Amino acid sequence: MQNNVLSSLKEHENKLLTIWSQLLLENGSTDGITEEEESKEFTSLLLDALRISNGNNQESEEFEKVHDLLIGISSSRAKRGFSPRENAQYLISFKEAASQILSELERDPVKLYDANLILGSVIDNMTIMTFEAYMKGREDVISRQIDEISEISTPVIRVWDGVVALPIIGTLDSSRTQVVMENLLQQIVDTGSSIAILDISGVPAVDSLVAQHLIKTVSATRLMGAECIISGIRPEIAQTVVHLGIDLTGIITKASLASALQTAFDMLQLTVVKRK
Amino acid sequence: MAIIRSRLMTTTTNNKEEILIIKEQDVVPLRNRVRDYGVKVGMSILNQTKLITATSELVRNLLKYGGGGKVVIESVSNGRDNGVRVTFIDNGPGIPDITLAMKDGYSTGKSLGLGLPGTKRLVNEFDIKTELGNGTTVTITKWKNG
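Going down the list, the protein sequences come from chains A and B. Under my numbering, the letters of the first sequence match residues 479 to 754, in that order. Under my numbering, the letters of the second sequence match residues 7 to 152, in that order.
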């Protein structure tokens with residue numbers, strides 16, 4: 479299919495750019511100045527590609543360049559916090575602007591229809607690509623946050639010579655328990671501690687699976703020759719655990735971190751004395 | 007002779023919501039929703055915790071044995087008291103021996119075997135229907151003052 483109108487769009491690049499940025503400003507899907515350069519480059523590349531391939535071959539080298547640029551634009555827009563709607567609007571506005579110019583250039587309805595059809599297919603294809611790039615940009619943000627959370631979620635604190643404490647916040651699932659256990663056991667070796675305190679004040683609910691994970695952690699600690707105290711058991715948690723029928727009798731448990739520390743001092747035969 | 011007719015106790019549903027459970031990440035949002043319902047009917051912290059723990063147990067079973075399914079949360083009323091009812095529906099293999107499954111310490115997996123019997127002790131009403139090859143439905147109700 480030959481379509482000369484699409485090729486001649488290149489001659490009206492500046493006009494197209496003006497209409498496009500006007501449209502973008504109207505529906506508020508741009509932050510203005512920072513994007514002008516990008517939009518300009520995108521228009522230039524896309525019109526070049528259209529001129530050379532006439533829109534027939536969207537796999538060509540020229541289109542490849544346009545797609546690369548577009549993916550870059552979309553993911554940077556995603557990171558700058560544009561909504562999916564605004565992101566899609568970016569390309570749809572371009573189509574609108576190009577259609578406007580096309581209808582001025584071509585008077586023959588059949589040719590105009592053909593030109594619009596090709597333009598539509600090119601832009602639709604790019605819209606899908608933008609969307610994928612946008613999602614990927616967002617997913618990058620999420621996975622970075624997951625990494626950050628898992629990094630900060632298991633700090634092992636050395637509270638005294640020979641005593642380490644590990645506050646657990648949030649839900650204890652299998653993978654989390656693994657990380658907690660590894661960190662705790664490593665710290666016991668590194669600091670030469672003989673007592674470990676697991677504080678579960680920040681665990682919202684203790685069901686049988688969480689309890690099982692706690693019991694496993696305590697057993698592993700004991701195998702390392704250290705004693706493990708579980709602290710931060712709230713009244714409602716204590717009652718729930720009893721009703722569930724979980725047996726924690728073999729484990730030293732305390733209501734607060736303070737009383738766990740006191741127990742640790744007793745075990746180490748230390749006394750805290752007020753200075754006279 | 008006067009005939010004393012005892013009024014059948016009926017429960018009415020005030021609010022209802024359905025949540026799909028497919029992966030382990032769905033557990034925490036579900037628990038938070040159940041907590042919201044508990045707070046709305048004015049449950050004490052203790053009863054909220056019991057309800058959430060029971061939900062947590064059953065939803066883990068739903069994922070582990072039922073391969074996922076759906077959970078319906080309702081806020082219910084029986085005229086005297088308000089409460090929350092949670093229904094867990096899966097299309098898994100079903101439970102072959104329900105008496106055995108309700109026994110403390112029995113597990114086909116490697117868990118403590120407290121899920122079903124423990125849950126029953128945590129809530130006021132507990133109902134389980136299972137059919138081999140056709141899935142399991144567990145319904146629990148916790149009353150505000152129960």
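Be a bit skeptical, because a hint or two may be false.
Claimed, not checked - Keeping only pairs whose Cα atoms sit at most 27 Å apart, straight-line, the calculated DSS-like set for lysine-lysine is:
{"#": "1", "chain 1": "B", "residue 1": "K135", "chain 2": "B", "residue 2": "K109"}
{"#": "2", "chain 1": "B", "residue 1": "K126", "chain 2": "B", "residue 2": "K109"}
{"#": "3", "chain 1": "B", "residue 1": "K29", "chain 2": "A", "residue 2": "K573"}
{"#": "4", "chain 1": "A", "residue 1": "K694", "chain 2": "B", "residue 2": "K109"}
{"#": "5", "chain 1": "A", "residue 1": "K493", "chain 2": "A", "residue 2": "K614"}
{"#": "6", "chain 1": "A", "residue 1": "K589", "chain 2": "A", "residue 2": "K573"}
{"#": "7", "chain 1": "B", "residue 1": "K22", "chain 2": "A", "residue 2": "K694"}
{"#": "8", "chain 1": "B", "residue 1": "K126", "chain 2": "A", "residue 2": "K694"}
{"#": "9", "chain 1": "B", "residue 1": "K135", "chain 2": "A", "residue 2": "K694"}
{"#": "10", "chain 1": "B", "residue 1": "K22", "chain 2": "B", "residue 2": "K135"}
{"#": "11", "chain 1": "A", "residue 1": "K614", "chain 2": "B", "residue 2": "K126"}
{"#": "12", "chain 1": "B", "residue 1": "K29", "chain 2": "B", "residue 2": "K126"}
Simulated from the structure, these hints should not be mistaken for laboratory data. Quantities reported herein were computed from a predicted structural model and do not represent experimental measurements.
Checked hints:
Restraint check: the Cα-Cα separation between K135/B and K109/B comes to about 16 Å, which is no more than 27 Å; the hinted pair holds. In summary, the hint linking K126/B to K109/B is supported, as the alpha carbons are separated by about 11 Å, within the 27 Å threshold. Between the alpha carbons of K29/B and K573/A the distance comes to roughly 40 Å, so the proposed pair goes past 27 Å and is violated. With a C-alpha separation of about 23 Å, the suggested pair K694/A and K109/B falls inside the 27 Å cut-off, and the hint holds.
For the given pair, K493/A sits about 33 Å from K614/A by alpha-carbon distance, which is inconsistent with the 27 Å threshold. Straight-line distance between C-alpha atoms of K589/A and K573/A comes to about 17 Å, which keeps the hinted pair within the 27 Å bound. Among the hinted pairs, K22/B with K694/A is inconsistent with the structure: their alpha-carbon atoms are about 38 Å apart, more than 27 Å. At roughly 25 Å between alpha-carbon atoms, K126/B and K694/A fall within 27 Å of each other, so this suggested pair holds.
With a C-alpha separation of about 33 Å, the suggested pair K135/B and K694/A falls outside the 27 Å cut-off, and the hint is violated. With a C-alpha separation of about 21 Å, the suggested pairing of K22/B with K135/B holds against the 27 Å cut-off. With a CA separation close to 44 Å, the supplied pair K614/A and K126/B exceeds the 27 Å bound. Taking the CA atoms of K29/B and K126/B, the gap is near 24 Å; set against the 27 Å cutoff, the hint holds.
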